[in-house]
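*Asks:* As a plain string of letters, each chain reads:
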Amino acid sequence: MKDIKVSLVGYGVVGHGVVDVLEKKRKLLNDLGLNLNLVSISDHTGTICDPKGIKAEKVLGERTLQNVATSGMKGKEAISSVDSDLVVEVTPTNIVHGQPGLGHMEAALSSGKHLVTSNKGPLVLAFKQLRELADENNVEMRFEATVGGTMPLINLVQKTLVGNKILGIRGIFNGTCNYILTRMAEEGIPYTHALSEAQDLGYAEADPTYDVEGVDTAGKVTILANAIFDMDIKYSDVDVTGITRVTPEALALAREKGYVIKLIGDVPALTVRPTLVPVGSPIAVGSTLNSAAIYTDLSGTITVSGLGAGSIETAAAILSDIISIYRQ
Amino acid sequence: MRLSMDLELQDIPGQLLLAMLPLRDNKANIISVVHHRDRKTPRGTIPVRVVIETDRARMESIRNQLKENGISVVRAGEDRLIEEISVVLIGHILNSDLGDTVNRIDSTGYAEVMDLALTMTGVDDPSSAYLRIRATGKDEIQKALSILRQVGSEKKLLVIEPIEAEAA
Chain R
22 MKDIKVSLVG YGVVGHGVVD VLEKKRKLLN DLGLNLNLVS ISDHTGTICD PKGIKAEKVL
82 GERTLQNVAT SGMKGKEAIS SVDSDLVVEV TPTNIVHGQP GLGHMEAALS SGKHLVTSNK
142 GPLVLAFKQL RELADENNVE MRFEATVGGT MPLINLVQKT LVGNKILGIR GIFNGTCNYI
202 LTRMAEEGIP YTHALSEAQD LGYAEADPTY DVEGVDTAGK VTILANAIFD MDIKYSDVDV
262 TGITRVTPEA LALAREKGYV IKLIGDVPAL TVRPTLVPVG SPIAVGSTLN SAAIYTDLSG
322 TITVSGLGAG SIETAAAILS DIISIYRQ
Chain G
19 MRLSMDLELQ DIPGQLLLAM LPLRDNKANI ISVVHHRDRK TPRGTIPVRV VIETDRARME
79 SIRNQLKENG ISVVRAGEDR LIEEISVVLI GHILNSDLGD TVNRIDSTGY AEVMDLALTM
139 TGVDDPSSAY LRIRATGKDE IQKALSILRQ VGSEKKLLVI EPIEAEAA
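Residue numbers (our numbering), protein chains in the order written: chain R, 22 to 349; chain G, 19 to 186.
Simulated from the structure, these hints should not be mistaken for laboratory data.
Treat each hint with caution, since some may be false.
Said to hold, decoys possible - Heads up, simulated SDA-like pairs for lysine to any residue below, C-alpha to C-alpha not over 20 Å straight-line: (1) K174/G with R266/R; (2) K278/R with M132/G; (3) K278/R with I100/G; (4) K278/R with L134/G; (5) K174/G with V261/R; (6) K161/G with T292/R; (7) K156/G with E184/G; (8) K173/G with V261/R; (9) K278/R with M138/G; (10) K45/G with E101/G.
The task is simple: from the sequences and hints, build the whole structure.
*Replies:* In C-alpha cells, the structure reads:
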C-alpha cells in the first residue's frame, strides 16, 4: 500500500466535492494500492491540519473552515509547511492575474509536490512556466478538470489517443452558454429571459460576463492549445465572440434549415464564436452538457460529451488525475 | 471545371458505351451518369445526363468524338455553383443595406446568395437572417465567407458560420 499525503487548497464547491469523493472512494483507492490521506485543507479563513488524515465528516458540514481551522495559515504557507506529497488546488479562478491559485501552484511544484487542479486561470496565464517548474522538480501537473469538467478530454488525448496526430479540437466548453442557447432555441425566449432562468437555477453567476462573453471558453481554448498543441499562446491570442447577441429568431431560422447555434471553441484556429452546428451532430448536445470533437489522423473524429461542471463531477476528474499520477 | 451534359442515345444495345468512350479517351473524370430509360423522348431516344470534371480545352474534342459515335449532345454547360454554405446574420440587417450585403457576394462572379430568410421583430431590435450562399468551389466559399465577415464587421452584424466538418 502506498501512503499518499494530500493537501487540499480551496474549500468551495469543488473543494467539498473533493473531500466527499476521496472519502467515498477510499475502498477503491485501497484496492488500487493507494492510501490517500487529506493532511491539510486550506481556505481564505485558515487551515485545518491532521497528519493522520482529516475525517470527512468533520469538515463536510462546514461552509468554510472558520470553525474547524487548527491554524491561521493560508494556502501558500500551508503548501510549503505541511508535509504532503500532492496538492489539489481548487481556489476560485482568476483569468487576469491568476491569483491566489498561481502562487499556490508555484509553491507546490517548486517544493516538489505533484499538482492536480481544476483552476483554469493560472494555466491560462502561465502554462509554460508551470509546466517547466513541474519538469524541473520532477513532479506531475494534472488539470483534466480545467477543460470540460468531468468530460474526459486532456487525458483521453494524451493517454488513450496517443500515437494519433491531433489535428484539431472543436466543442462546447461552457455549460452556462449551452443551457442559455438550448433554452432560447427550445422555447423561443429572448437571451435575457434565458439568462435569468440560468441564474435562478444556479447555472449562471450573478455577473454572467465571464461565461456569456466567451471568456471561460477562451480560457479553455488557451489551455488546450498550450497543453495539447504545444502552441505557447496567451488568452489574448484567442478571437472571442460571446452569445449575448444571439436572438431566438436566429435560432429559429437556423433550426428550419437543420442547424442549432452553439458557442464553439476551436483549437488550433483559436476562435470562440457562436457557430451553426447541424442538428444531430454528435457535438450538438443540449442543456448544460459539454462536448468535444477531436480530429485525429488515424482514428478519424472522436466525440465526447459530459457534464462540464458540478461539485462531484469536477472532483471525479480530479480523482482520476490523482490516480493516474500514481498508477504510471 | 465541372460540366453537365444532356445526351440522347439511340435505343439499341451498346450506345451507352459509345457515349462513355470519348470521356475516357479525353481523361474526363465521371462524377455521375443517369440513364433515363423511363423518359424516352418523342424521337424515340433515351436521355442521359452525365456530369464530368474536365479541362475546358478538352470539351471540343469530347463533343466531336460523341458526334462521330452518333451520340447527340442536347446541352452541355458548366455547373458553376457546386458548393454551398449556410450563414446566419444578426444585427440591423435591413437598415445596414441588405441589398448591398447581398450584392457584395453576388458581384464576385464566383459566389451568389441563393436563399434569404429574414425575421424582424421591433424596429429598433436587431433582426436575424439566414443566407444560403453557393459558389464555384470550396476556395470560393471561403472567399465569400471572408467578404461576409468583412461586411459583418463594417455593419456591426454578428456573422454565424457553420462548423467545419473536417479539421482545418
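*Asks:* Hey, K278/R versus I100/G, does the alpha-carbon distance stay inside 20 Å?
*Replies:* The hint holds at about 19 Å.
*Asks:* Against the 20 Å threshold, does the CA-CA distance of K161/G and T292/R hold or violate the hint?
*Replies:* holds (18 Å)
*Asks:* Sort out whether M132/G lies within 20 Å of K278/R, counting only the CA atoms.
*Replies:* holds (14 Å)
*Asks:* Below or equal to 20 Å on CA atoms is what counts here, so check K173/G against V261/R.
*Replies:* holds (18 Å)
*Asks:* Does the alpha-carbon distance linking K278/R and L134/G stay inside the 20 Å limit?
*Replies:* holds (11 Å)
*Asks:* Starting from K174/G, check that the Cα of V261/R is at most 20 Å away, please.
*Replies:* holds (15 Å)
*Asks:* For the pair supplied as a hint, K156/G and E184/G, is the alpha-carbon distance within the 20 Å limit?
*Replies:* Holds, because 13 Å separates the two Cα atoms, which is no more than 20 Å.
*Asks:* Take the C-alpha atoms of K278/R and M138/G, compute the straight-line distance between them, and say whether it is at most 20 Å.
*Replies:* holds (18 Å)
*Asks:* Please verify whether K174/G and R266/R have alpha carbons no more than 20 Å apart.
*Replies:* Holds: K174/G and R266/R sit about 11 Å apart, inside 20 Å.
*Asks:* Going straight from one Cα to the other, do K45/G and E101/G come out at no more than 20 Å?
*Replies:* Violated: K45/G and E101/G sit about 23 Å apart, past 20 Å.
The structure is inconsistent with hint 10 alone, although it conforms to all the rest.
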